[in-house]
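All chains, full assembly: derive it from the sequences and hints.
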Amino acid sequence: MWLVPLLLAGLELPCAACLRDDPKTTGRPLVVVLHGDGQSAQAARTPFRALAAERDIGLFVPTCPRSEGCSAGSYWRWNGDPSWLRLRVAEYARAIGSDPSRIAVVGWSGGASYLGYRLPELGAEYNVVAFLGGGMAPAITSCEPSAARPAYFLVGDKNPYHGLAKELRAAAERCGYAVSWNLLPGADHAGEWRAVSSRDRMGALLDFIVANPRTLPVAVVDAGSPPDDGGVDAAPPSAAPTASGVARSGSGEVPPGRTRGCAMGNMMVLVVLALRRRRPRAVPGGDGGSEDPHAVKRS
Numbered sequence: 007m008w009l010v011p012l013l014l015a016g017l018e019l020p021c022a023a024c025l026r027d028d029p030k031t032t033g034r035p036l037v038v039v040l041h042g043d044g045q046s047a048q049a050a051r052t053p054f055r056a057l058a059a060e061r062d063i064g065l066f067v068p069t070c071p072r073s074e075g076c077s078a079g080s081y082w083r084w085n086g087d088p089s090w091l092r093l094r095v096a097e098y099a100r101a102i103g104s105d106p107s108r109i110a111v112v113g114w115s116g117g118a119s120y121l122g123y124r125l126p127e128l129g130a131e132y133n134v135v136a137f138l139g140g141g142m143a144p145a146i147t148s149c150e151p152s153a154a155r156p157a158y159f160l161v162g163d164k165n166p167y168h169g170l171a172k173e174l175r176a177a178a179e180r181c182g183y184a185v186s187w188n189l190l191p192g193a194d195h196a197g198e199w200r201a202v203s204s205r206d207r208m209g210a211l212l213d214f215i216v217a218n219p220r221t222l223p224v225a226v227v228d229a230g231s232p233p234d235d236g237g238v239d240a241a242p243p244s245a246a247p248t249a250s251g252v253a254r255s256g257s258g259e260v261p262p263g264r265t266r267g268c269a270m271g272n273m274m275v276l277v278v279l280a281l282r283r284r285r286p287r288a289v290p291g292g293d294g295g296s297e298d299p300h301a302v303k304r305s
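For the sequence shown, the working numbering gives the first residue as 7, with consecutive numbering after it.
Take these hints with a grain of salt, some might be off.
What the hints assert, rightly or not - Cβ pair distances, simulated, as ranges: (1) I146 x G103: 29 to 35 Å; (2) A184 x S204: 22 to 28 Å; (3) A154 x G209: 21 to 27 Å; (4) G75 x G192: 37 to 43 Å; (5) W187 x S107: 22 to 28 Å; (6) A101 x P219: 19 to 25 Å.
Calculated directly from the structure, the hints in this document are not laboratory data.
Even for Gly, the Cβ is constructed at its ideal location relative to N, Cα and C.
What follows is the structure, given as structure tokens:
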């Protein structure tokens, strides 16, 4: 009981806010989803759940980590080293025995902008990277041949920041990514979310992920030893506004690779680490917040 007040105070244990939907069998694909600005992980997971379950695809939806400095509920504003995500994904993929050739990462809105900005640094573990309703060109202009893979876009040309997604597409093509460009004519950001939430569009994305296994060799990430990705520190200046939607949390919302009955000693260590890392937190705008994340313009 002593731990409850600390958790209510906002201290975050490692990946305690990572949502997971386990497949029924081992050797199945895994889809990692990054939420938009101010959007909950539950809301971002909603469009994927039913069709992923039908295809026996695992889902992993991490909340932007406060313990790592993400204080505003925004992946692109956080702009953290992608090694955090790689390690969390590696832990979960190992725990459920995922198909290592079919682990895809998908970003919605601000999550897509983070993936684009950090594109060369994401690592070669993912067979597909998908940008839904957002995206921006990488900060690093050089290409990493081992990271080239299929890149899936689902974007509307009436999104006021559609030009940023087009810049990302050009950068991906220049670096050898096999781009699947799925344009939604006349769609603004709300229209993009409706498309993401539609059965046909979501089914097409999941089928694309399954049909494009990774073939390039890649070193296995050791979840106990964070790799040095050598990322840049400048915060990305743009992401698309978020869409609304709230989903009920599932029963699988536990840290990947962990059990519910942690030993008391381990819990004490985690709480001490959380206390040391605690930072003042901004209040996010919510799943349908009106804050414009584009206030900082590209210099």
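Going through the hints against the structure:
1. I146 x G103: 29 to 35 Å: Since I146 and G103 have Cβ atoms about 33 Å apart, the given range 29 to 35 Å holds.
2. A184 x S204: 22 to 28 Å: Cβ of A184 to Cβ of S204: about 24 Å, so the range 22 to 28 Å holds.
3. A154 x G209: 21 to 27 Å: holds, 26 Å
4. G75 x G192: 37 to 43 Å: Taking Cβ atoms as reference, G75 and G192 lie about 38 Å apart, which means the hint holds.
5. W187 x S107: 22 to 28 Å: holds, 24 Å
6. A101 x P219: 19 to 25 Å: holds, 21 Å
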